[in-house]
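Guided by the hints, dock chain B onto chain A, whose structure is given.
Going down the list, the protein sequences come from chains A and B.
Under the UniProt record's numbering, the first residue of the first sequence is numbered 1, with each subsequent residue one higher.
Under the UniProt record's numbering, the first residue of the second sequence is numbered 1, with each subsequent residue one higher.
Because the hints were derived from the structure by calculation, they are not lab data.
Check before you lean on any hint, since a few could be wrong.
[As the list claims (entries may be wrong)] Keeping only pairs whose Cα atoms sit at most 27 Å apart, straight-line, the calculated DSS-like set for lysine-lysine is:
id: 1; chain 1: A; residue 1: K7; chain 2: A; residue 2: K262
id: 2; chain 1: A; residue 1: K168; chain 2: B; residue 2: K173
id: 3; chain 1: A; residue 1: K201; chain 2: A; residue 2: K168
id: 4; chain 1: A; residue 1: K7; chain 2: A; residue 2: K205
id: 5; chain 1: B; residue 1: K173; chain 2: A; residue 2: K201
id: 6; chain 1: A; residue 1: K205; chain 2: A; residue 2: K230
id: 7; chain 1: B; residue 1: K183; chain 2: B; residue 2: K173
id: 8; chain 1: B; residue 1: K44; chain 2: A; residue 2: K61
id: 9; chain 1: A; residue 1: K262; chain 2: A; residue 2: K61
id: 10; chain 1: B; residue 1: K44; chain 2: B; residue 2: K213
id: 11; chain 1: B; residue 1: K243; chain 2: A; residue 2: K230
id: 12; chain 1: B; residue 1: K243; chain 2: B; residue 2: K213
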Amino acid sequence: MSLQDVKHVLLVLSGKGGVGKSSVTTQLALTLSLQGFSVGVLDVDLTGPSIPRFFGIETAKVRQAPGGWIPVPVHEAQGAGGDLHGGEGSNGHSANEHSRPYGSLHCMSLGFLLANRGDAVVWRGPKKTAMVRQFLTDVYWGSLDYLLIDTPPGTSDEHISLVETLLKQATPSQLAGAVVVTTPQAISISDVKKEINFCRKTGVKVLGVVENMAGFVCPNCSECTNVFSKGGGQVMAAEFGVPFLGSVPIDPMFIRLIEEGKRPVYPQGTVIDGKAMDTNGHTDDAALTDGRLIDKYTSCSLHPLFDGMVRQLVQDMGT
Amino acid sequence: MAPSLEEPIEPVDDALTSNLKQKPALVAPEPEHCPGPESNDAGKSDACAGCPNQAICASAPKGPDPDIPVMTQRLAGIKRKLLVLSGKGGVGKSTFTTMLAHAFASNPANTVGIMDTDICGPSIPKMMGVENETIHVTSTGWEPVWVSENLATMSVQFMLPNRDDAVIWRGPKKNGLIKQFLKDVEWGELDYLVVDTPPGTSDEHLSVNSYLKESGVDGAVLVTTPQEVALLDVRKEIDFCRKAGIRILGLVENMSGFVCPKCTHTSEIFRATTGGGMRLARESGIPFLGAVPLDSRIGMACDYGESFFDNFPDSPTCKALRDVVINVGEQLGVDAVDILGDE
Chain A
1 MSLQDVKHVL
11 LVLSGKGGVG
21 KSSVTTQLAL
31 TLSLQGFSVG
41 VLDVDLTGPS
51 IPRFFGIETA
61 KVRQAPGGWI
71 PVPVHEAQGA
81 GGDLHGGEGS
91 NGHSANEHSR
101 PYGSLHCMSL
111 GFLLANRGDA
121 VVWRGPKKTA
131 MVRQFLTDVY
141 WGSLDYLLID
151 TPPGTSDEHI
161 SLVETLLKQA
171 TPSQLAGAVV
181 VTTPQAISIS
191 DVKKEINFCR
201 KTGVKVLGVV
211 ENMAGFVCPN
221 CSECTNVFSK
231 GGGQVMAAEF
241 GVPFLGSVPI
251 DPMFIRLIEE
261 GKRPVYPQGT
271 VIDGKAMDTN
281 GHTDDAALTD
291 GRLIDKYTSC
301 SLHPLFDGMV
311 RQLVQDMGT
Chain B
1 MAPSLEEPIE
11 PVDDALTSNL
21 KQKPALVAPE
31 PEHCPGPESN
41 DAGKSDACAG
51 CPNQAICASA
61 PKGPDPDIPV
71 MTQRLAGIKR
81 KLLVLSGKGG
91 VGKSTFTTML
101 AHAFASNPAN
111 TVGIMDTDIC
121 GPSIPKMMGV
131 ENETIHVTST
141 GWEPVWVSEN
151 LATMSVQFML
161 PNRDDAVIWR
171 GPKKNGLIKQ
181 FLKDVEWGEL
191 DYLVVDTPPG
201 TSDEHLSVNS
211 YLKESGVDGA
221 VLVTTPQEVA
231 LLDVRKEIDF
241 CRKAGIRILG
251 LVENMSGFVC
261 PKCTHTSEIF
271 RATTGGGMRL
281 ARESGIPFLG
291 AVPLDSRIGM
301 ACDYGESFFD
311 NFPDSPTCKA
321 LRDVVINVGE
331 QLGVDAVDIL
341 GDE
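Chain A extracted, bound-state conformation:
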């Protein structure tokens, strides 16, 4: 059974589409990996898989082993002997930026199985159910610290099948819970409330709420505009008595990193979390696009934010 050696299974949910489930999943995965954990990402959004694009591995194909699939590697573990974690906390942060050790990261998505990236997957429920089950049982994850599951919007077939299968196959200690993503505006909040009720009904623990797209800092005049208003996530978290993990602003540099693979650079004097951001002069394209996604992500302004969030999550989940 493929989930046997997975220590924690973490769902990323949202009732609303386009709030950044996949982008939060990506960043959680990268941050966990940077903290030295081995991570798997499973994309169960069957009709609109985005994970391959986010990790820049769109052309990769899944290999098949007898009776199962081998997930697509984003990167292997690096540094201090690979498997850093016998179940202990991270010590990766004492190492310097460029040679810091990190854990392996693997992905599985329906996107890897399609012949053509523009192909539509027009499936009704039963077929999606079968696919979700297969994803949960037939992928060789090997030994993982965390398995993140990115979901489509809504509370329908994929979600029911996912939770059903997980409740059946994973032990309660494995199924750590769900991170719920929302944007601040009321429209999104009202859908996300439904998702929290879904978690309640199915007995999935809500580990916390992430408010995404909270504010946009104009790169020209550094005026912060709340494009999608503000504070809604925190109010909702309080209302439902679930932890609020934090607000994530819109960072055009993160989008650029995903879309073009360029290392984020910020205007002179940008200081986030007491740390000056990467503003240095290697502005030619080659230098910016060089390197692995995980290395480039460390210069993103959102990384310190997620670092804190992930630490809190890891603590909540225990070992």
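For chain B alone, coordinates are given in the frame of chain A:
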């Protein structure tokens, strides 16, 4: 009718041993090869050999859904039916649907209906400011909720006992509700019916399409945002429309560019690194209906259920929207004057 997880589901356990697993080349099976459980060939065509559902399909009643003529008759009074689609979530399908409906309804001579087929995440009622309404059942059918004199809406939200209740339904149940929306709702004489859809290409989309086929869909408006992550999914939706034989009226690019309210500097929050909606439209040979910039006031107007159109008629976003609406009208063969009224 509290939905619950314990609901019995169709026997799909053996679907795991479908051809997907045995195929040596790891390419997902193409669903269009399935003749469809309701077709005359169900369980008999070549593609059915070895399908675990073969016995079920072969023994199921054949022929078109007996309810389709009922629906067609119910919808006979509707002049034009539009779908608003997008493969991606959160690109503004519902927002655009409400804008389109408000624009059509701005001409008092038009009567407009909105049908919200997003069962698990209905947004239309909130955006229309009618979140707390309920449906009245009369002897002739369900009465839709009227937002104004000439603007009616129908959504699953009106049927929920609590506002935040989750609708945890699998496909068949969702299809059943959509069917009821088309069969039992007393739409009456409408000039436009705008159908808002959930993201993806699944049950809701297939059902809406197959139920409306008989009465005729005038076309679909696709909504996207400029970044490639969204275009990727919209491409799939175009593929879906082609396969399903739905006419694409065109593509709208939403959230393209954001004007800083302080320094009026335009930033592309969602950068069109691959040419955005315009290029996608050109590549796939569909009309490009226009680009609508991001405006935080739209979000605000939606949160409070007010019409952005009526409240900020002079904003650049509103002008862009008006152009899009006129382009939609053009594709439908309707004069701008007929849509927006004389202004």
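Against the structure, the hints come out as follows:
Note on A/K7 and A/K262: the hinted pairing is violated, with a Cα-Cα distance of about 33 Å set against a maximum of 27 Å. Restraint check: the Cα-Cα separation between A/K168 and B/K173 comes to about 23 Å, which is no more than 27 Å; the hinted pair holds. For the suggested pair A/K201 and A/K168, the alpha carbons sit about 16 Å apart, so the restraint of at most 27 Å is met. Taken as a hint, the A/K7 and A/K205 pair is honoured in the structure, with Cα atoms around 16 Å apart against an allowance of 27 Å.
A distance of roughly 18 Å separates the Cα atoms of B/K173 and A/K201; the hinted pair therefore holds under the 27 Å criterion. Straight-line distance between C-alpha atoms of A/K205 and A/K230 comes to about 25 Å, which keeps the hinted pair within the 27 Å bound. With a C-alpha separation of about 15 Å, the suggested pairing of B/K183 with B/K173 holds against the 27 Å cut-off. Taken as a hint, the B/K44 and A/K61 pair is broken in the structure, with Cα atoms around 33 Å apart against an allowance of 27 Å.
Proximity of A/K262 to A/K61 is assessed by CA-CA distance (about 24 Å); at most 27 Å being required, the pair is judged to hold. The straight-line distance between the Cα atoms of B/K44 and B/K213 is roughly 24 Å, inside the 27 Å bound, and the hint therefore holds. Taking the CA atoms of B/K243 and A/K230, the gap is about 41 Å. The hint is violated against a cut of 27 Å. About 13 Å separates the Cα atoms of B/K243 and B/K213, which keeps this hinted pair within 27 Å; it holds.
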